[in-house]
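K.L.:
Below are the chains, spelled out letter by letter.
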Amino acid sequence: SAVISQKPSRDICQRGTSLTIQCQVDSQVTMMFWYRQQPGQSLTLIATANQGSEATYESGFVIDKFPISRPNLTFSTLTVSNMSPEDSSIYLCSVDRLAGGPPYEQYFGPGTRLTVT
Amino acid sequence: RKEVEQDPGPFNVPEGATVAFNCTYSNSASQSFFWYRQDCRKEPKLLMSVYSSGNEDGRFTAQLNRASQYISLLIRDSKLSDSATYLCVVNNRDDKIIFGKGTRLHILP
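Respectively, the protein sequence lines represent chains A and B.
Oh and the first sequence: position 20 is 20 in our numbering, straight run, nothing missing.
The number in our numbering is simply the position in the second sequence, starting from 1, with 1000 added.
Mixed in with the good hints there might be a few duds.
Lysine-lysine pairs mimicking PhoX-like chemistry, simulated, CA-CA at most 25 Å apart [what the hints assert, rightly or not]: (1) K65/A with K7/A; (2) K7/A with K1045/B; (3) K1101/B with K1002/B; (4) K1042/B with K7/A; (5) K1079/B with K1042/B; (6) K1002/B with K1045/B; (7) K1096/B with K1002/B; (8) K65/A with K1096/B; (9) K1101/B with K1045/B.
Away from chain B, derived, C-beta distances all over 12 Å, residues of chain A [unchecked claim]: (10) R15; (11) T48; (12) S53; (13) S88.
Keep in mind that the hints were calculated from the coordinates and are not lab data.
C-beta atoms are modelled at their ideal positions from N, C-alpha and C, and glycine is treated no differently.
The following block holds chain B by itself, in its conformation from the complex (with noise of 0.2 Å):
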């Protein structure tokens, strides 16, 4: 099993419709969890970190289950600019994070 594995997309959503996706991983230990988001040609910036109880930033939601290791993340209401890539990642056995391949999403007008 990867450390840490995404669906590579892409996903294509109306706007305004709700999408969600997921990112496996494999460390049980792992506590660290975060979304980045990576535009085309730009650099990965820090959406969320992923708290045990979950939470949630505007449109964006972040859960974590422990039980089948995998974190989510839910967009409300999505608008044209969330298009982008969504990085899932974990931090492994050697307290190092590591990133997944990424969710492409893609807004349709």
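The shape of chain A in the complex, shown without the other chains (with noise of 0.2 Å):
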């Protein structure tokens, strides 16, 4: 499976600031997923990014406060913009259909864990 990175590991951030997660992935994959999973949640999507095209957003997200970047088919960011104590969570990002793979099947990087205070 692909080895995916992400950085920073963790953070802890003043209300008001912005933060900006990258995922590094060692092989080039067409999606890019971004997760959020609250303290005792499940995972919740935040939106898929496709290389060369906006990113689609799920129902209560936008791109206002959660801008993403793909510049290319092995990255991508995640900013939390404006934040506050609500954004504290683990952000995780992911990809799917390695190595011609099926969908669905996701590999996670080792997560984001955010605190805003």
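Got two chains here, separate frames each, mind docking them using the hints?
P.N.:
Now the structure itself:
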């Protein structure tokens, strides 16, 4: 399976600031996904990022709050803008269809643990 | 009915025992089913896909019951290292995958 890395692994930020999370994959993938996992909750999909097009956001998530970049087939960033304590969560990137495999079988980065004070 | 529902547990099971838990889903048209494992403070990792005919991987057996709309995971001869949260994943009507909240399993020495 691919190696997926995220930076930073954790951060503590003040409300009102923004944080950009980077996701790097060691192989080219068409689709990359950004999830949020709040304490005690399951994963919620924020958006799907395809190279060369705008990200597709899920209900409840907007581009102004969570801008995403996808400059190439191995890299993506998610920015959490104008943060509030409610944004404290783990943010995970994932990919699917590795090595021509089936869709839906997703592989996750190690996550970024964000605390907003 | 929630799209994907799991008993949150925790299931406290002695080492060596067999444990099983289910996950129900609401979309009768779902075609893709998975079990993921998530260790504390780690990312989810794919444990196994669930096929219509059921499938087995070592001590783990997954089954699908379409009539009752649930999938199950059976772990035989449980090990301490099996302690984790097990996430049920199903695709929904919009062809997106939905994660359940997970079932916590504690294997007791």
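K.L.:
Hint by hint, say whether it matches the structure.
P.N.:
Consistency of the hints with the structure:
Taking the CA atoms of K65/A and K7/A, the gap is about 19 Å. The hint holds against a cut of 25 Å. Of the supplied pair hints, the one linking K7/A and K1045/B holds, its CA atoms being roughly 19 Å apart against a limit of 25 Å. Pair hint K1101/B plus K1002/B holds up; C-alpha atoms about 11 Å apart against a cutoff of 25 Å. A threshold of 25 Å between alpha carbons decides the hint, and for K1042/B with K7/A the separation of about 15 Å falls inside it, so the pair holds.
Between K1079/B and K1042/B the CA atoms are separated by roughly 19 Å; this keeps the pair inside 25 Å, and the hint holds. Among the hinted pairs, K1002/B with K1045/B is consistent with the structure: their alpha-carbon atoms are about 23 Å apart, no more than 25 Å. A threshold of 25 Å between alpha carbons decides the hint, and for K1096/B with K1002/B the separation of about 15 Å falls inside it, so the pair holds. A threshold of 25 Å between alpha carbons decides the hint, and for K65/A with K1096/B the separation of about 22 Å falls inside it, so the pair holds.
At most 25 Å may separate the alpha-carbon atoms for a hinted pair to count; K1101/B and K1045/B meet this at roughly 14 Å. Look at R15/A: its CB is around 24 Å from the nearest CB on chain B, clear of 12 Å, so calling it non-interface holds up. A cut-off of 12 Å between C-beta atoms contradicts the statement that T48/A is not in contact with chain B; the least separation is 9 Å. Against chain B, the non-interface label of S53/A holds: every CB pair exceeds 12 Å, the least being about 17 Å.
With a minimum CB-CB distance of about 15 Å to chain B, S88/A clears the 12 Å threshold, and the non-interface call stands.
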